[in-house]
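Asker: When you get a sec, could you build the whole thing from the sequences and use the hints?
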Amino acid sequence: MNTMTVTVNGEPRELPVGSTVADLVALLGLKASQVAVERNREIVRRAEHASTLLVDGDRLEVVTFFGGG
Amino acid sequence: MTLVDQPLLLGKYSFQSRLFLGTGKYPSMESMVESLAMSGTQCVTVAVRRMQLGVPDGKTLLDYLPRDKYVLLPNTAGCFDADHAIRTARLGRELGIGDLVKLEVLGDPQTLLPDPIGTLEAAKVLVKEGFVVLCYTSDDPVLAKRLEDVGVTSVMPAGAPIGSGQGILNPNNLRIILERTKVPVIVDAGVGTASDVAIAFELGAHGVLLNTGVALAKDPVRMARAMKAAAEAGRDAFLAGRIGKKLYASASSPTSGIIAGE
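Those protein sequences? They're chains A and B, same order as listed. Once you know that position 69 of the first sequence is 69 in this note's numbering, the rest is easy, because the numbers rise by one and skip nothing. Once you know that position 128 of the second sequence is 128 in this note's numbering, the rest is easy, because the numbers rise by one and skip nothing.
Worth flagging that the hints you see were computed from the coordinates, not collected in a lab. If you're wondering where the values come from, they're calculated on a predicted model, not measured in any experiment. Please note that a few of the clues may not be correct.
FRET-style restraints, in silico, Cβ to Cβ [as the list claims (entries may be wrong)]:
#, chain 1, residue 1, chain 2, residue 2, range
1, B, Lys69, A, Lys31, 42 to 48 angstroms
2, A, Ala32, B, Glu179, 44 to 50 angstroms
3, B, Gln16, A, Asn2, 39 to 45 angstroms
4, B, Gln6, A, Pro12, 51 to 57 angstroms
Calculated lysine-lysine pairs in the BS3-like style (CA-CA distance at most 27 angstroms, straight line) [stated by the list, open to error]:
#, chain 1, residue 1, chain 2, residue 2
5, A, Lys31, B, Lys124
6, B, Lys12, B, Lys69
7, B, Lys228, B, Lys218
8, A, Lys31, B, Lys59
9, A, Lys31, B, Lys25
10, B, Lys124, B, Lys182
11, B, Lys12, B, Lys182
12, B, Lys182, B, Lys128
13, B, Lys25, B, Lys218
The C-beta atom is built at its ideal place from N, Cα and C for all residues, glycine as well.
Answerer: Structure (structure tokens):
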């Protein structure tokens, strides 16, 4: 299987070529409703997770809410 | 007789409680949940942070914050430039909880004082993008006015540095901000104890946001109750209109009809 490397929250991660944002969220064991995703500094809307293909070198931020003031 | 107060209006949001609480630094989630409930707050701040990957799936903060009880106010805490704060605000909105943001653009990690230039830049962008911007700022009346001019929904002057517990260090600046600013003013940061909250409201603040003062108190739930009582007392005192301060005494008992002396 061909793989590519993307950076998720600062860490490199191998994914199969052709993976989408939705695939990544599922692979991480997360629920889409719990996270927000930024790809190369642009928000990827939840509705577009399944249609957004990742490419080698993409930089992703996957965030949620934590306690804060 | 019932004494009613107007709700605090922030954009399309309306709050009966004028106390805003943070959700950080509590000794436990249970302590946070109880403290928030005890404070009577209807709006709580949350931080946007990287999901910890590889950690077993557990409860997230959202599981402890029922949406029918609390409006969530994502912050941009920890952002030291406008771009970072803008991206964080967008991520907070994407988490699907609305268009409120507590904008913070900080100057440096030691003081956590706001960077006034970055704050103004980020405020402009976020207002244009349709955010309801509640804007953390220093107690500078000129900057408060400039932020109002670019369309923020509320200015949030710091009483003292974040988490310092020093109270309202410059009540005169706060009074000037309150006199000259038309948008609601929410005192944010610096609250150490209940009297700080009372003082802010007595000066005319429209709201107070606090976190550390409750979360790190020895008994957070009891302190939450104290803060609630102080907010109500201070707000009532403001609405009631305090007496002026005078140098000399003014007798409370009648000065005539006093029985004869020797």
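Asker: Now, for every hint given, state plainly whether the structure supports it.
Answerer: Each hint tested on the structure:
1. B:Lys69 - A:Lys31: 42 to 48 angstroms: Given range 42 to 48 angstroms: violated, Cβ gap about 22 angstroms.
2. A:Ala32 - B:Glu179: 44 to 50 angstroms: holds, 47 angstroms
3. B:Gln16 - A:Asn2: 39 to 45 angstroms: violated, 58 angstroms
4. B:Gln6 - A:Pro12: 51 to 57 angstroms: holds, 54 angstroms
5. A:Lys31 - B:Lys124: Cα-Cα ~33 angstroms, so violated.
6. B:Lys12 - B:Lys69: Holds: lysine 12 of chain B and lysine 69 of chain B sit about 17 angstroms apart, inside 27 angstroms.
7. B:Lys228 - B:Lys218: holds, 17 angstroms
8. A:Lys31 - B:Lys59: holds, 12 angstroms
9. A:Lys31 - B:Lys25: holds, 26 angstroms
10. B:Lys124 - B:Lys182: holds, 18 angstroms
11. B:Lys12 - B:Lys182: holds, 17 angstroms
12. B:Lys182 - B:Lys128: Answer holds: lysine 182 of chain B to lysine 128 of chain B is near 20 angstroms, not above 27 angstroms.
13. B:Lys25 - B:Lys218: holds, 12 angstroms
Checked against the numbered hints listed earlier, the structure breaks hints 1, 3, 5; every other hint is satisfied.
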